[in-house]
Amino acid sequence: MYSIRRRVAVAGSGWSKISRRSNCTLADLTIEACTNAIEDAGLTWDHVDGLATYPSTAGAGGSIEGIDTLGVEYLAQTLGLRELKWYISLDRGTIGAVLAAAINAIAVGLCDYAVVWKAMHTPPTSYGLYSTEVARGETQFRAPYGVGGPYNAGGGAVAEFSFPYSQYLARYKRTREEMAPYIVQNRTNAAENEQAVFSGRPITISDYLNAPLLCDPLSLLDCDMPVDGGGALLLTRAELADELPSDPVFVEGHAAAGIHFLRTPVIDWDDMAFNAHRLGQLALGNSQIGISDVESLSLYDGFSYFIPLWLEALGICGPGESFDWIAAGGGAASADLPVNVSGGNLGMGRLHGMPQLIEAVRHVQQRSVSKTNRALASVGSPVHGGGVFVFGSGG
Amino acid sequence: VSGRGSIYEFTVIRDSRIAGFEEATPFVCVAVELDEQDGLLVLANLVHCDWTEASVGRRVEVSFEQIREGFVLPQFVLAASQGS
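As given, the protein sequences belong to chains A and B, one line each in that order. When we follow this note's numbering, the leftmost residue of the first sequence carries the number 1, and every step to the right adds one. When we follow this note's numbering, the leftmost residue of the second sequence carries the number 1001, and every step to the right adds one.
There's no promise every hint is true.
As the list claims (entries may be wrong) - Here are some chain B residues the structure puts well away from chain A; computed CB gaps all over 10 Å: (1) 1004; (2) 1009; (3) 1024; (4) 1048; (5) 1049; (6) 1053; (7) 1056; (8) 1057; (9) 1061; (10) 1063; (11) 1064; (12) 1077; (13) 1078; (14) 1080; (15) 1081.
As the list claims (entries may be wrong) - Listed next, the stretches of chain B that the computed footprint assigns to chain A, with coverage defined by at least 3 CB atoms under 8 Å from CB atoms of chain A: (16) 1014–1023; (17) 1026–1039.
Source of the hints: derived by calculation from the structure; they are not laboratory data. Everything numeric in this text was worked out from a predicted model, so none of it was measured. No residue lacks a Cβ here, since even glycine has one placed at the ideal position from N, Cα and C.
Using the sequences provided together with the hints, build the complete structure.
If you want it as structure tokens, here you go:
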């Protein structure tokens, strides 16, 4: 039976500068991140023949190419990438779906060196404003009640994503205050990470508990902060990676098929948990390993409660037991199974799935605080195109 | 459908980004699971009660609220009887 396991390698990774507001354009940040990933692999732009991105900046508004949004065509034109053989740019999904497509394209030989990137620009305006007085389509079932959604011009993701957390807390008789130890641990990790937007800025339990609520049970500190910046990976085939000076990391397995199965305008906890579990099972199955073989976790945390969501979906913790696990020291940078040691999105900023992907790759390259041989990264909301990736070392 | 159900999930919106709701905060949005079918969720506001009264599992029933002339929205109110 054909298996994609270990046919594709991540040979490089790179960040642009990450900041709350940048003076650089989205194009500058994109090129900086991609160039860093290419050079990290010991390559140049001349080698690049595949491009993949998820260009959405999540309802930040504007449509000027290179400033508000940046697709593969813009980059290929700007840099004159005439050797390009393959590309993908998905408007819906996540960077996970795009990365999965790039892995597959490399595996079947459509291109040799693919850059996969996600860059964000959040202009200084009110994020997620919904100003129209007319609601059409799916929006008509949300907007009249004061709820936006991630896929309309109005954003409103905080309101929409607050619903499932209320179900989680009620079902397992937990409280939002029990999240505090995780947030403090996470911000301690981010404080140590020079690239993080919250570098050098740890917080206390009371900082978390006193943060303003936006949409109960989510407060400001349960949401990742919009930033300007980008991250990139350089993918190549395993045999080509062996010729490069960098330490390659192999894609053991992946799955990117997060679907909102519920035909309602509401996100349901069970739908999220089902999808997260399914994505984990698929990726581990493709990797031919079990969750106990994974040595580090880089979990997508656009909202704080995605951490217990993934921990429980992956079988690390029983249903409703994540807060106990964390309170007992689970997931700490020094623990057997570290979680988001570079700070995740909550600590690094809203960079979609790149903090998780780059962290997992660097774990396996033995370049991070936690050195592991097999790392799992989850990317995106499990009902909005999310994915799970397992990376393994060369040995 | 009967218009009766239970609060399945909810949120209290304190920072609205939607035009017309700026002065309404805090207000409660509920995903109501209707009695007729498991998983049949309807989104609306919980009205005519304090926002602190919302909780998962509470019984609610529909109330057709006139928002302005010619504009009626199905909303939910706490049910008189909290038994199922």
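Cross-check of the supplied hints:
no. : hint      : result
1   : 1004      : holds, 18 Å
2   : 1009      : violated, 4 Å
3   : 1024      : violated, 7 Å
4   : 1048      : holds, 15 Å
5   : 1049      : holds, 15 Å
6   : 1053      : holds, 13 Å
7   : 1056      : violated, 3 Å
8   : 1057      : violated, 7 Å
9   : 1061      : holds, 17 Å
10  : 1063      : holds, 13 Å
11  : 1064      : holds, 13 Å
12  : 1077      : holds, 14 Å
13  : 1078      : holds, 16 Å
14  : 1080      : holds, 22 Å
15  : 1081      : holds, 21 Å
16  : 1014–1023 : holds (count 8)
17  : 1026–1039 : holds (count 4)
When the structure is compared with the earlier hints, violations turn up for hints 2, 3, 7, 8 and for no others.
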